[in-house]
Every structure is written in structure tokens, then in C-alpha cells.
Amino acid sequence: MINNLLRKSVLTVPVAVLALAVSSAWAAPVGPSDASFYNVPAGLSGKAGDLIQYRPTTVNLGTGAPSTQAFNVVYQSTDSLNKPNAVSGTVIVPTTAYAGGGTRPVLVYAIGTHGLASGCSPSRQFEVGKDYEAANIVAALKAGYAVLVSDYAGYLNGQQATYLSGKSQGQAVLDLFRAATNIPSVGFSMTSKLGIWGYSQGGQTAAWAGELLSTYAPELKVVGVAAGGVPGDFMRTARNLDGNIGFAFLASGVSGLGVQYPNTIGRNFNLLASASGKAELSKLQTECVFQALFEHENQTLSQYTNDPANTTLDDILGVPAVADTLNAQNLGNTKINVPLYQFHGQADEFIPLDQEMALKKKYCALGTPVAFDLYPSEHIATMTQAAPKVLSWMADRFAGTAAPSTCSTTKGDPTSTNATPNGGDFIVKMDKWKLASNVHLKTLMQDFPEPDTSTFTANVNLSTKKIVGQVNIPDFAYPVKIIGIPFSTGMSIKPAADMTGTVSLDNDGILHVHGSVPMNITITSLMGIPFGQCKMVEPVVFPLDFDGPIASFGNGNLIFKGSTTFPQIKGCFISGILTALVSGSGQQFTFTITPPAPVDN
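Quick note: the sequence shown uses this note's numbering, first residue 1, plus one each step.
Since the hints were derived computationally from the structure, they do not count as laboratory data.
Heads up, a few of these hints could be off.
Stated by the list, open to error - Derived pair list, reagent style DSS-like, types lysine-lysine, alpha-carbon separation capped at 30 angstroms:
| # | residue 1 | residue 2 |
| --- | --- | --- |
| 1 | 335 | 47 |
| 2 | 130 | 142 |
| 3 | 389 | 83 |
| 4 | 432 | 335 |
| 5 | 221 | 83 |
| 6 | 432 | 465 |
| 7 | 432 | 466 |
| 8 | 442 | 561 |
With the hints as constraints, model all of the structure from the sequences given.
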């Protein structure tokens, strides 16, 4: 009788209440609001993709970021040795409804190198508004996507990062999506469409996630993978970085892989390393990416050994256990069963172009549909310059549009245009970048834009902190209204000298440019009629000052704004009139500099 009563009482409970009770019983707890949130969990008894804990948070993504709700998470994943681990990350969702039709798509953004210190992780950088990849994340949020960012393994309190452990990283981003779907009211689910995007270390991660999909997470609805600047061949990349301005990436890789593989990389390097070499690796574990980059540029791995004079990089890489572990990080061994957008900078000074082209061929041979774009710039600029194309390509995948492929291209392999020698300065070459310039004439209250074919060329030396550049503006004509009557005015704007100044990149990834460019300005004609050389008696000096995220270097936000003074005009019969109309202080100008467009390959 008692059993019957119990059974009857259960049947009278609404199904919704039962469902709520079940979901509450399995819901992950809300974690603490302080730094103890990142403590390593006491045990891992669940499965990969389980949400261990979460908490609401606020992310500072800079000016122009849309309104979002965000969460920090700690979740269970699997490392490269197939052992369970706990990983932290951030989930960011726009507060506005998705306007693209259907449910909101999700984009896992696989971050590039941030540095080995726990404070360098994106979750903690978002808190203080210093994440150098924020511009790409903002662009994805503006497209309406939920954006998930894994810190990767090793960024919980007291841990060491397993930097460049490809399998671990790939699994971490896939498990982040699984875990995020268990946050109450997050706005997406396991049936949501998912894209994966990453560059540099993030490109490695995205490609690994793509290769792991069919075996590790076949239930996910991944529609495409975008992977750029990919270190797909570790031996080739290591040889390029040794003695290179990007040596910190190699040394950090030794540290990270040593943590993940203590019995191969860790043990063998400890046998070879000197006390000072071990100290340098320990120092790297306290630094974020830009500090590490400049403090360790042009070093060699042999410098870290007990016998630098008689130890070559090949000696270190040739240790069988080391070689096996490094080769295990290589990509292109498994078909990615979704479309792949692959891209690389032709002037990349860190990740060799030739090994990326070889990786593309491997994927094509395996049957992966690959669309490949070659960007004209170096490593850092390509990261953000590619964002519009990545998001356009990804939007087509979310819409179900057939994916393009350049696997059948007849073009030959491109050659690298990187001109930075090993052991040299850290130089970013801006070769005929597009210059969009506009001058607002104070007296006439009119804008005076220069031709679309204007260019800016410069050597940006981040080692010596100097910039030298040249401006090229073709002669042009533009209608200017004088007392309401339009007059086609011919102009010649030529450099009086090079643009010179200082340039630096600080530890927070903020680019600082301060210089000036003097220009000779001549009015050559009026209404198409030449009337001599109406020339300003002195060069016009345009001050060029910029302080902003390094992402601006490639995404079209490298903008110089200011004011200058136009001197008197002499040399023709209407000099006095022209001087009255255009000369004087307070002339406002805007110069915007962007890299040239990519080409498919």
C-alpha cells in the first residue's frame, strides 16, 4: 500500500518539475568570485567536457565591443597523454538576439601564444582589458556569434602551461564547447552549429581540433575550421626560430612540451641544460608573450646547454625520444572532415611559409576541402588582417553554402618575402600599404581626400624602436567649392623628406608610434587650367601619433589623426586668394594605413 501511494504521488508531480529537479541535481556549482576559482579541483571523476564550475564575469574587450554576458569556466578535458585534466576558459555571448536566422551559432576562438605565466591566460587578460586578440573576438561577437575561449591546459593556480601540446589544445577547445552548453540560460546547446578559428598557436589548435573531430567529438555540429599561421611541422619551425627574433616561442615550446612530456622532452632537456639555461626557462614561465619575445630574441637553444660550443640544435632535436615527441605534434596526418580555411603571411618571420604550404597539400591529398589565402604581411599583421575574410567564410559555412577549394590550383608555391635574417633586428616591413588620407580644410569647411592609390611604405624596427617611411600620393584633382561654386583643383603632394619617428611595442601588446612626415603641397591647376606653381612656401608637417592595440596593425585601425598648419602659398597670380582660403593653423587630417589584400593559393 505504501509503495502504491509513493508511486501515485510521483505520478502527480508535473514533468517540468521533475526535469528541473534532475537538471539541478546535475548542474555544476557556481564557483567563488575570487582567484580561488582557478584552484585545481580536488579530483576528476567525470568525463571529458563536464563543466566543473562556472561563474558570471565581466570581460573588457575595449572600445566598440558589443554588450555581452560572460562566464568563467573550469571544465574537464584530456591531455596529450590521454589523461584527464582540468582546464579554464571564458564563454562570451552577445546580449542582443541573433539576427542571422535560426539559433545562435558558436565560434570557438583558439588563442595564439599568450605567454606561460598564469596571469597571461585570456580569462585573466579579459578582466583587465589587455588581451591582444580582443579585436578578433569583438569582430566575431559583432557578427552575432557566441565566442568561447579556452586558456588551454596549465593555467590553473600552481600549474605550468603545456604550451604547443597539440592534442591537448585541440581537445581543450572541443571540450570547452561541451562544457559551455551546461551553463544555465547560455543560449546555445549541443545541437548548435559550431565553427573553430585560430591563428599561430591557435591555428595549430584549430587544425588539431579538426583532425580529432571524428574520433574525439563526433557529436559536435562543426561546420568549418579556419587555421592560419600554423606550425604544422615542428622540426622545420624549430630550425627557423632558433637564433631568430621569435626564439621565445621555441624556448616556451621546450618548457611546455617538457611539462606535458616529462619523460621525453623534460628529462632529456634537463640532462642537456645548464643552470643558466634552466633559469632562462624558469624566467619564461613568469612572462607574457611580448615581454618574452623581446627579452629572448635571437637566442639559440644551444646557449641553454652545458656545452654550447659543441651542441647544435640538431644534436638536441636528434635525440630519438625528443624527435618522436616533436614529430607527434605534426599535423596533416588525418583528414579534417569539414571545410578548412587556411591562411598565412608571405612575410611571416616566425612560422615558415613553406611548411604551411606543405600542410595544405597534405590536407588536400587526404580529401579535405581547403581554401588557402596568402596575405602579404608578416606574422602579427596577418592575425587581424585575416579576420574579415575568416568571418565571411565562416558565415557561409553557418549558412550551409558550398565551401570553395583551392586544392586544384595551378599556381606554383609562393616564396617567402621575409627579409629579417636570424640574429637581426625585429623589422616589420610595410611594403606599399594602402594609405587612405583626408584633410579637412578649416576655412572652406570641406574634406579633401587623396587618391585611393596612395601608399605608405616603411621599415618598422621594433628592436631599435625606430620607424622610417615614405608616402606616395599620385597627383590628383578634386572639386572644391568656393562661394558655393565647385572648382576642380589639381594637387601635387610630395614628400619633402622621409617619415621618421619612434616605434615600440609594450608588454601589454600596445603599439606606440610617434613621428612626423613633411610634405610639399602645390596647387597645379584650377578648372583644369594650369597656372604655374602655386606652392606652399614651407613643407607641411603632419605629426603621426598612435597608441593602440597591436591588432590595429593589420585590421585597418592603424589611424593617425591630428592637426597641422598650412603656410602661405606663392608662385602664381592667385596666390593671395588661395592663401586666404586654405592657409593657417587647425587643418585636421586623418591617415589610415592598411595592408594590401590577400590572394588565393
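Results of checking the hints against the structure:
no.: 1; hint: 335 with 47; result: holds (26 angstroms)
no.: 2; hint: 130 with 142; result: holds (19 angstroms)
no.: 3; hint: 389 with 83; result: violated (37 angstroms)
no.: 4; hint: 432 with 335; result: violated (38 angstroms)
no.: 5; hint: 221 with 83; result: holds (25 angstroms)
no.: 6; hint: 432 with 465; result: holds (21 angstroms)
no.: 7; hint: 432 with 466; result: holds (18 angstroms)
no.: 8; hint: 442 with 561; result: holds (15 angstroms)
In this structure, the hints that do not hold are numbers 3 and 4, in rising order.
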